[in-house]
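Chains as they are written, first to last, in our numbering: chain A, 28 to 402; chain B, 28 to 402.
None of these hints come from the bench; they were simulated from the model.
Don't be surprised by glycine CBs; every beta carbon is placed ideally from N, CA and C.
Check before you lean on any hint, since a few could be wrong.
Only some residues are given here: those of chain A computed to face chain B with a beta carbon under 7 angstroms [what the hints assert, rightly or not]:
{"hint": "1", "residue": "Arg99"}
{"hint": "2", "residue": "Ala318"}
{"hint": "3", "residue": "Arg319"}
{"hint": "4", "residue": "Asp323"}
Using 27 angstroms as the maximum straight-line C-alpha spacing, the simulated DSSO-like pairs for lysine-lysine come out as follows [as the list claims (entries may be wrong)]:
{"hint": "5", "chain 1": "A", "residue 1": "Lys349", "chain 2": "B", "residue 2": "Lys349"}
{"hint": "6", "chain 1": "B", "residue 1": "Lys130", "chain 2": "A", "residue 2": "Lys349"}
{"hint": "7", "chain 1": "B", "residue 1": "Lys277", "chain 2": "B", "residue 2": "Lys233"}
{"hint": "8", "chain 1": "B", "residue 1": "Lys201", "chain 2": "A", "residue 2": "Lys69"}
{"hint": "9", "chain 1": "A", "residue 1": "Lys149", "chain 2": "B", "residue 2": "Lys149"}
{"hint": "10", "chain 1": "A", "residue 1": "Lys133", "chain 2": "A", "residue 2": "Lys149"}
{"hint": "11", "chain 1": "B", "residue 1": "Lys149", "chain 2": "B", "residue 2": "Lys133"}
{"hint": "12", "chain 1": "B", "residue 1": "Lys201", "chain 2": "B", "residue 2": "Lys268"}
Protein chains: 2
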Amino acid sequence: MTHIRFSLTQTDGNARTGALHTPRGDIRTPAFMPVGTAATVKAMLPGSVRATGADILLGNTYHLMLRPGAPRIERLGGLHGFMNWDRPILTDSGGFQVMSLSKLRKLTEDGVTFASHIDGSKHLLSPETSMEIQRQLGSDIVMCFDECTPFPCTRDEAETSMRLSMRWAERSRKAFGDRPGHALFGIQQGGVHADLREESAESLTKIGFDGYAVGGLAVGEGQELMFSTLDHCVAHLPQDKPRYLMGVGKPEDIVGAVLRGIDMFDCVMPTRSGRTGQAFTPRGSINIRNARHAEDPRPVDETCDCPCCTDYSRAYLHHTHKSQEIIASMLLTWHNLRYYQRLMAGLRDAIAAQQLNAFAARFTEQRQAGDIDPL
Amino acid sequence: MTHIRFSLTQTDGNARTGALHTPRGDIRTPAFMPVGTAATVKAMLPGSVRATGADILLGNTYHLMLRPGAPRIERLGGLHGFMNWDRPILTDSGGFQVMSLSKLRKLTEDGVTFASHIDGSKHLLSPETSMEIQRQLGSDIVMCFDECTPFPCTRDEAETSMRLSMRWAERSRKAFGDRPGHALFGIQQGGVHADLREESAESLTKIGFDGYAVGGLAVGEGQELMFSTLDHCVAHLPQDKPRYLMGVGKPEDIVGAVLRGIDMFDCVMPTRSGRTGQAFTPRGSINIRNARHAEDPRPVDETCDCPCCTDYSRAYLHHTHKSQEIIASMLLTWHNLRYYQRLMAGLRDAIAAQQLNAFAARFTEQRQAGDIDPL
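Assemble the whole structure, with the sequences as input and the hints as a guide.
Here you go:
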């Protein structure tokens, strides 16, 4: 089995398009990864996720280690077989969720001990245990164990946290070892500070990874600060490896980050929004609960080719969402994932044609036009 | 457009197999109709319902008249287009749900006035309004408006209630008129009393319907009394029209009723059970929440060809159901509907081969063997 390889086919300004080649299939970049937290992309069958155009899913180490447990998933043949998805899976390290979801955390140089948010049981996440759990899951792209620096925080806190993450990155690299067919990504930290981002990028590059993630953004700093920080983040990362902006984001965040040289994204937004009745369209997002949709025979998005838009009216989605019917979550999730994948395909095509600026301008213009005309 | 026609191809004792021919497709009998209460078979896309083998769905007039409202559905092109199901739909009359779900009911000779369980708004259901609502929905098989006699009740109450239903049946017939391509079914009442069932059958036959339903059973009387009553019910219904046992039922109830000459069934059991983690198998039903399934790599039913059984383990269903993931409801509902449709196909084939007694004996024997051997 060969190592995972990244190939670029075209650039346009700082943006790039290409593919990450894995034994389980190619990941076309820029790529959006739907989130399958607990071994399921919520309200979707895997075949339907694939039909939206997804090449790769993200699984959450924190959730899976607590329930059903990584050794159990390993005994059952790994996460791919367990959840019936045979294409690539990226797993996060658990570091972000342990900070946002667990209780009774204790952070030391070794790692984080914490109590499960499900049953209070005690667990340790460290670079070594995170690598072992991600191996048991059978992850194709493994993430280093890091501390996600909170925002806001002082410069000193950002520095201390980033340096801990860099020591953990080195331990993660060592614990991961050499696993043909599997990739290990480093995670850059440093908050919104350009010099810390540079230092972090240098530390990671020195260790050497198959890809580099930008961590600690989209945590409340706002789009303007995120974009200006991102310029510093990307400047010092290797050109020939994929760059992954973790947890991002809104469609407009993705477009801006692709313009700045990011290749991979993940976010719960399309799936979570689908369950709460929000639908993405080229003309902005709509809330299907709004009374104006109650008798609207038109689809959510007249330009979309997903089953939600080809087979159902806004009126039907309004009715089933208000009636708390599962089908509303199924259809709106499907549509939102398809919207995101169409956006990524549009970005890839625009970069390939070196027309990304025109694409981005049209993207913004359409959204400013607002929702389709009232009936 | 021609009238709906029923053809029998074979009989075996009192059981029959054939088809009801409608402009929207044939309904193979004995038939099981999945319940699509609020314009959706819960947790299923219509294409998936069809893939289980369903020829027809049931819609609930009571729910649909309250939300989103029958005039709205009519303006949106009818229930078929609204919910994306182009095959036959049978709608009940609303009579049963108004008794079980609504508040502040007042029953008169004219009909039932009641308050919506959703928003307290006032409504009237009568033979005439029920026919109009079912017409607005675009129902292919319309049910007479009747009073479902409660159980237990005195003989006098059963008689009074049945005779009211017969007067309502006559008004329903008159209000329905002549609608080529659409059928009207009468509903027999009379509780567990043989003479009342006979009187009711004679009243309905005299009015003349496209099919005859047995109402007021499976309301708590138990299987033994239901079967013995059913013998009296069926004896006086026309041979050449379909017979529909409303709201039934468990797999063993269906087998027993087919042996007694019933052609059509509906029940929420496969769908509701799917959402609560119960799965039907030829060897009886299992509760996927049970800890013994937590690491079981085998499918719910090794003999089943549905996606739940071909693509997922009991361990996965246990995990996702316990994690309250929507996919568990999607997969178990799909499996249960497929189980029911395979049962119906087995019954039809057995009748066609005049081997129904052997089929029924094998059905009982397999269930007595219990769940598959422990790991």
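How the hints compare with the structure:
Because the smallest distance between the Cβ of arginine 99/A and any Cβ of chain B comes to about 6 angstroms, under 7 angstroms, the interface hint for this residue holds. With a least beta-carbon distance of about 12 angstroms to chain B, the hint placing alanine 318/A at the interface is violated under the 7 angstroms criterion. Violation of the interface hint for arginine 319/A is found here, the shortest Cβ-Cβ separation to chain B being roughly 14 angstroms, above the 7 angstroms cut-off. A distance limit of 7 angstroms between C-beta atoms decides the matter here; for aspartate 323/A the minimum to chain B is near 9 angstroms, and the interface restraint is violated.
With a C-alpha separation of about 25 angstroms, the suggested pairing of lysine 349/A with lysine 349/B holds against the 27 angstroms cut-off. With a C-alpha separation of about 21 angstroms, the suggested pairing of lysine 130/B with lysine 349/A holds against the 27 angstroms cut-off. Restraint check for lysine 277/B and lysine 233/B: not satisfied, since their Cα atoms lie roughly 32 angstroms apart, outside the 27 angstroms limit. Between lysine 201/B and lysine 69/A, the direct Cα distance comes to roughly 49 angstroms. Violation of the 27 angstroms bound is thereby established for this hinted pair.
For a cut-off of 27 angstroms, the pair hint linking lysine 149/A to lysine 149/B is broken: about 55 angstroms separates their Cα positions. Simply put, lysine 133/A and lysine 149/A have alpha-carbon atoms about 11 angstroms apart, close enough for the 27 angstroms limit, and the pair holds. For a cut-off of 27 angstroms, the pair hint linking lysine 149/B to lysine 133/B stands: about 11 angstroms separates their Cα positions. Distance restraint check for lysine 201/B and lysine 268/B: the Cα-Cα separation of roughly 20 angstroms lies within the 27 angstroms cut-off, and the hinted pair is therefore satisfied.
Of the numbered hints listed earlier, those contradicted by the structure are 2, 3, 4, 7, 8, 9.
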